[in-house]
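Visitor: Below, each chain spelled out in residue letters.
2 protein chains.
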Amino acid sequence: MGILDLSSELAIGIDIGGTNTKYGIVNHRGEILDKGDIKTDAYPTIESFIEGLYEAMKPIIDKNSSVGIKGIGMGAPNGNYYTGTIEYAPNLPWRGVIPIAKMVSDKFGIPCTLTNDANAAAMGEMMYGAARGMKDFIMITLGTGVGSGIVANGLMLYGHDGFAGELGHTIVRPGGRKHWSTGAHGSLEAYCSATGIAITAKKLRAENIHSALNEVAEENLDSRAVFELAEKGDETAMEVFRYTGQILGEALANFIMFSSPEAIILFGGVIKAGDYIMKPTKEHMENNLLPIFQNKVKLVFSELKEADAAILGASALAWEA
Amino acid sequence: MGILDLSSELAIGIDIGGTNTKYGIVNHRGEILDKGDIKTDAYPTIESFIEGLYEAMKPIIDKNSSVGIKGIGMGAPNGNYYTGTIEYAPNLPWRGVIPIAKMVSDKFGIPCTLTNDANAAAMGEMMYGAARGMKDFIMITLGTGVGSGIVANGLMLYGHDGFAGELGHTIVRPGGRKHWSTGAHGSLEAYCSATGIAITAKKLRAENIHSALNEVAEENLDSRAVFELAEKGDETAMEVFRYTGQILGEALANFIMFSSPEAIILFGGVIKAGDYIMKPTKEHMENNLLPIFQNKVKLVFSELKEADAAILGASALAWEA
Numbered sequence: 001m002g003i004l005d006l007s008s009e010l011a012i013g014i015d016i017g018g019t020n021t022k023y024g025i026v027n028h029r030g031e032i033l034d035k036g037d038i039k040t041d042a043y044p045t046i047e048s049f050i051e052g053l054y055e056a057m058k059p060i061i062d063k064n065s066s067v068g069i070k071g072i073g074m075g076a077p078n079g080n081y082y083t084g085t086i087e088y089a090p091n092l093p094w095r096g097v098i099p100i101a102k103m104v105s106d107k108f109g110i111p112c113t114l115t116n117d118a119n120a121a122a123m124g125e126m127m128y129g130a131a132r133g134m135k136d137f138i139m140i141t142l143g144t145g146v147g148s149g150i151v152a153n154g155l156m157l158y159g160h161d162g163f164a165g166e167l168g169h170t171i172v173r174p175g176g177r178k179h180w181s182t183g184a185h186g187s188l189e190a191y192c193s194a195t196g197i198a199i200t201a202k203k204l205r206a207e208n209i210h211s212a213l214n215e216v217a218e219e220n221l222d223s224r225a226v227f228e229l230a231e232k233g234d235e236t237a238m239e240v241f242r243y244t245g246q247i248l249g250e251a252l253a254n255f256i257m258f259s260s261p262e263a264i265i266l267f268g269g270v271i272k273a274g275d276y277i278m279k280p281t282k283e284h285m286e287n288n289l290l291p292i293f294q295n296k297v298k299l300v301f302s303e304l305k306e307a308d309a310a311i312l313g314a315s316a317l318a319w320e321a
Numbered sequence: 001m002g003i004l005d006l007s008s009e010l011a012i013g014i015d016i017g018g019t020n021t022k023y024g025i026v027n028h029r030g031e032i033l034d035k036g037d038i039k040t041d042a043y044p045t046i047e048s049f050i051e052g053l054y055e056a057m058k059p060i061i062d063k064n065s066s067v068g069i070k071g072i073g074m075g076a077p078n079g080n081y082y083t084g085t086i087e088y089a090p091n092l093p094w095r096g097v098i099p100i101a102k103m104v105s106d107k108f109g110i111p112c113t114l115t116n117d118a119n120a121a122a123m124g125e126m127m128y129g130a131a132r133g134m135k136d137f138i139m140i141t142l143g144t145g146v147g148s149g150i151v152a153n154g155l156m157l158y159g160h161d162g163f164a165g166e167l168g169h170t171i172v173r174p175g176g177r178k179h180w181s182t183g184a185h186g187s188l189e190a191y192c193s194a195t196g197i198a199i200t201a202k203k204l205r206a207e208n209i210h211s212a213l214n215e216v217a218e219e220n221l222d223s224r225a226v227f228e229l230a231e232k233g234d235e236t237a238m239e240v241f242r243y244t245g246q247i248l249g250e251a252l253a254n255f256i257m258f259s260s261p262e263a264i265i266l267f268g269g270v271i272k273a274g275d276y277i278m279k280p281t282k283e284h285m286e287n288n289l290l291p292i293f294q295n296k297v298k299l300v301f302s303e304l305k306e307a308d309a310a311i312l313g314a315s316a317l318a319w320e321a
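Just so you know, the protein sequences line up as chains A and B, in that order.
Counting in the working numbering, the first sequence runs from 1 upward without gaps.
Counting in the working numbering, the second sequence runs from 1 upward without gaps.
Watch out, some of these pointers could steer you wrong.
[Stated by the list, open to error] Straight-line alpha carbon distances no greater than 16 Å define the calculated EDC-like cross-link-like pairs of lysine to aspartate or glutamate that follow:
{"hint": "1", "chain 1": "B", "residue 1": "Lys203", "chain 2": "B", "residue 2": "Glu219"}
{"hint": "2", "chain 1": "B", "residue 1": "Lys279", "chain 2": "B", "residue 2": "Glu219"}
{"hint": "3", "chain 1": "A", "residue 1": "Lys305", "chain 2": "A", "residue 2": "Glu31"}
{"hint": "4", "chain 1": "B", "residue 1": "Lys135", "chain 2": "A", "residue 2": "Asp161"}
{"hint": "5", "chain 1": "B", "residue 1": "Lys63", "chain 2": "B", "residue 2": "Glu9"}
{"hint": "6", "chain 1": "A", "residue 1": "Lys296", "chain 2": "B", "residue 2": "Asp161"}
{"hint": "7", "chain 1": "B", "residue 1": "Lys298", "chain 2": "A", "residue 2": "Asp161"}
{"hint": "8", "chain 1": "A", "residue 1": "Lys135", "chain 2": "B", "residue 2": "Glu219"}
{"hint": "9", "chain 1": "B", "residue 1": "Lys296", "chain 2": "A", "residue 2": "Glu9"}
{"hint": "10", "chain 1": "A", "residue 1": "Lys63", "chain 2": "A", "residue 2": "Asp41"}
{"hint": "11", "chain 1": "A", "residue 1": "Lys298", "chain 2": "B", "residue 2": "Glu239"}
{"hint": "12", "chain 1": "A", "residue 1": "Lys282", "chain 2": "A", "residue 2": "Glu306"}
[As the list claims (entries may be wrong)] What follows is a list of derived Cβ distance ranges for each label pair:
{"hint": "13", "chain 1": "B", "residue 1": "Lys102", "chain 2": "A", "residue 2": "Thr19", "range": "56 to 62 Å"}
{"hint": "14", "chain 1": "B", "residue 1": "Arg29", "chain 2": "A", "residue 2": "Ser8", "range": "50 to 56 Å"}
{"hint": "15", "chain 1": "B", "residue 1": "Pro59", "chain 2": "A", "residue 2": "Gly176", "range": "58 to 64 Å"}
{"hint": "16", "chain 1": "A", "residue 1": "Gly133", "chain 2": "B", "residue 2": "Lys107", "range": "36 to 42 Å"}
{"hint": "17", "chain 1": "A", "residue 1": "Pro90", "chain 2": "B", "residue 2": "Val67", "range": "31 to 37 Å"}
{"hint": "18", "chain 1": "B", "residue 1": "Gly133", "chain 2": "A", "residue 2": "Pro90", "range": "32 to 38 Å"}
{"hint": "19", "chain 1": "B", "residue 1": "Lys35", "chain 2": "A", "residue 2": "Asp275", "range": "54 to 60 Å"}
{"hint": "20", "chain 1": "A", "residue 1": "Ser66", "chain 2": "B", "residue 2": "Asn295", "range": "47 to 53 Å"}
{"hint": "21", "chain 1": "A", "residue 1": "Asp275", "chain 2": "B", "residue 2": "His210", "range": "54 to 60 Å"}
{"hint": "22", "chain 1": "A", "residue 1": "Gly183", "chain 2": "B", "residue 2": "Ala217", "range": "34 to 40 Å"}
{"hint": "23", "chain 1": "A", "residue 1": "Tyr88", "chain 2": "B", "residue 2": "Tyr54", "range": "55 to 61 Å"}
{"hint": "24", "chain 1": "B", "residue 1": "Leu155", "chain 2": "A", "residue 2": "Lys296", "range": "57 to 63 Å"}
These aren't lab readings, by the way, just hints derived from the structure by calculation.
Every residue gets a Cβ at the ideal spot worked out from N, C-alpha and C, and that includes glycine.
Go ahead and model the full structure; you've got the sequences and the hints to work with.
Guide: Here's what the structure looks like:
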């Protein structure tokens, strides 16, 4: 068949979330050739999950196997790159330490590399998105929680234990808001995740009885609802993002003074608020930097389509492996 | 003369401080064969400084030049590794951007590498001290200011601009104590440097009129004086270190969740307080970590003799270059 064209090789990306697991087959240009998903929480045991994933993915693997599949990259909450294990992930159905990378490698007969979901997003951004060509950047995911992936000297920062980049759990307001899950007071995630924004919105609407935020049913009071009212000129809704952006900007300034990145890339549902979140974040980030860092660090939104980013990010791991 | 024995090669370390500049010739085992110093502030221009440094060092360079000198490593405040320039260092007599690495290389005819003083200390610790064999650690220098050097994936973290590791300027108490030089509110340096400890001591002795701290003359109220009274059982003096250690420990927890180091190494005059500073720091560090990081990260004092550390650290740069 002649010489194998390496650039035509493919990678598999798998993103394991609490509700859904998404998978796809990706080429070097970041195009997803085939994709699909299964329900994570339909599988009470890890063995049944691996079996279900294999059955679902077999048709698209068979279809593409003639080209050559370089590897499987997998992103999962609490995924450890060094050990290939998911460790005590509170939002997944399986308890304890799960050697999932080895289980997938064995079942599929394809090498599998694991990392946590935020690191996978950073890999995707470096390979296909806003961080192409960068050697030093920080990815912040603003979703239900706040995750992060840090690249330094061109390498993903895993640290000694493989758990580097838990920036959502750094304390930004000592003695502040209690986190619903960790119990810590004043962590970044408690304020700047979608969950945190909903808490802020509840607090501020109680203090501003004329705000249209008071007309939103409690179960619908999320980042999107606040954004929509900000668009309609509701001052309190805008204040929710100003408050969030101030805390996020202060935290980003601290992160910059740690690793001096070229850029910080924001990703996740919260960034749909656009300038409402970007402007106060940038302002407070700059205000809290030493002069030697000011007006140098790019603060940008992700360039990856959110629906595909998780698969692309996970697949990027396979190229690196 | 036969084959050159590389292990007998020597390196020069130069540490530029606001008052004194120390230099020494160092072998691979971290032994200082010759050393000396000149007064930094006796040289109003950088040209006269380079000339003075050369005249002072020439005898020991000539004496050792038969062995082979691999290079000159230099540590200086605001020293930039990438550009070899000292940039706007507030405590040095020379203004603006000083291309000191090139000036020294040209004058001495020996390649010269520059970094900031805290990074140099980290290099020294990695080459000769408590961080030997480690690929991920953070060095915190607690002196007049608070400096830091970060090693990740076995590499010194310089970041995109060469200024990574300004952890002393991260904000740990938003809206808190104003920094005497940067004007920022609540930075780590404002609390945990020797200068910050003296401020805390003044504040606490005013609130505790029976403390022996009130018998110390204002100009002598430094970290050492507080330590000596803590040793004598003065509760307020102990409280100064508990307060300092709480803030330092909280900050270290945040740093750990950034880069997941194997160890944090504390260095500088403040560590002479021993357990008075170590115990509260460790306690609050552990209390503020996510469980996945708890009881894993070593918190230790530097193993380098303080008088030699700056020269050793700077010299370590020359081996790496």
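Visitor: Against each hint, give a clear statement of whether it holds in the structure.
Guide: Now the hints, each set against the structure:
1. Distance hint between lysine 203/B and glutamate 219/B is fulfilled; the C-alpha atoms sit about 15 Å from each other, no more than 16 Å.
2. Note on lysine 279/B and glutamate 219/B: the hinted pairing is violated, with a Cα-Cα distance of about 27 Å set against a maximum of 16 Å.
3. Note on lysine 305/A and glutamate 31/A: the hinted pairing holds, with a Cα-Cα distance of about 11 Å set against a maximum of 16 Å.
4. For the proposed pair lysine 135/B and aspartate 161/A, the alpha carbon gap of about 11 Å is at most 16 Å, so the pair holds.
5. Of the supplied pair hints, the one linking lysine 63/B and glutamate 9/B holds, its CA atoms being roughly 13 Å apart against a limit of 16 Å.
6. A hinted pair counts as satisfied when its Cα atoms are at most 16 Å apart, and lysine 296/A with aspartate 161/B qualifies at roughly 9 Å.
7. Between lysine 298/B and aspartate 161/A, the direct Cα distance comes to roughly 13 Å. Compliance with the 16 Å bound is thereby established for this hinted pair.
8. A hinted pair counts as satisfied when its Cα atoms are at most 16 Å apart, and lysine 135/A with glutamate 219/B does not qualify at roughly 47 Å.
9. Between lysine 296/B and glutamate 9/A the alpha-carbon distance is near 40 Å, which puts this suggested pair outside the 16 Å criterion.
10. A hinted pair counts as satisfied when its Cα atoms are at most 16 Å apart, and lysine 63/A with aspartate 41/A does not qualify at roughly 27 Å.
11. With a C-alpha separation of about 42 Å, the suggested pair lysine 298/A and glutamate 239/B falls outside the 16 Å cut-off, and the hint is violated.
12. Restraint check: the Cα-Cα separation between lysine 282/A and glutamate 306/A comes to about 22 Å, which exceeds 16 Å; the hinted pair is violated.
13. A hinted range of 56 to 62 Å holds for the C-beta pair lysine 102/B and threonine 19/A, which are about 58 Å apart.
14. With their beta carbons about 53 Å apart, arginine 29/B and serine 8/A fall inside the hinted range of 50 to 56 Å.
15. Between proline 59/B and glycine 176/A the CB atoms are about 59 Å apart, so this pair conforms to the stated range of 58 to 64 Å.
16. Between glycine 133/A and lysine 107/B, the C-beta spacing of about 37 Å keeps the proposed range 36 to 42 Å intact.
17. Distance hint check: the CB atoms of proline 90/A and valine 67/B are about 60 Å apart, inconsistent with the given range 31 to 37 Å.
18. The hint said 32 to 38 Å for the Cβ distance between glycine 133/B and proline 90/A, and at roughly 34 Å that hint holds.
19. Taking 54 to 60 Å as the suggested C-beta distance range, the pair lysine 35/B and aspartate 275/A conforms, at roughly 57 Å.
20. Serine 66/A and asparagine 295/B have their C-beta atoms about 51 Å apart, which keeps the hinted 47 to 53 Å range intact.
21. Between aspartate 275/A and histidine 210/B, the C-beta spacing of about 57 Å keeps the proposed range 54 to 60 Å intact.
22. A C-beta distance of roughly 46 Å is found between glycine 183/A and alanine 217/B, which places it outside the suggested range of 34 to 40 Å.
23. For the pair tyrosine 88/A and tyrosine 54/B, the supplied restraint of 55 to 61 Å holds, since their beta-carbon distance comes to about 60 Å.
24. A beta carbon spacing of about 21 Å between leucine 155/B and lysine 296/A contradicts the range 57 to 63 Å that was offered as a hint.
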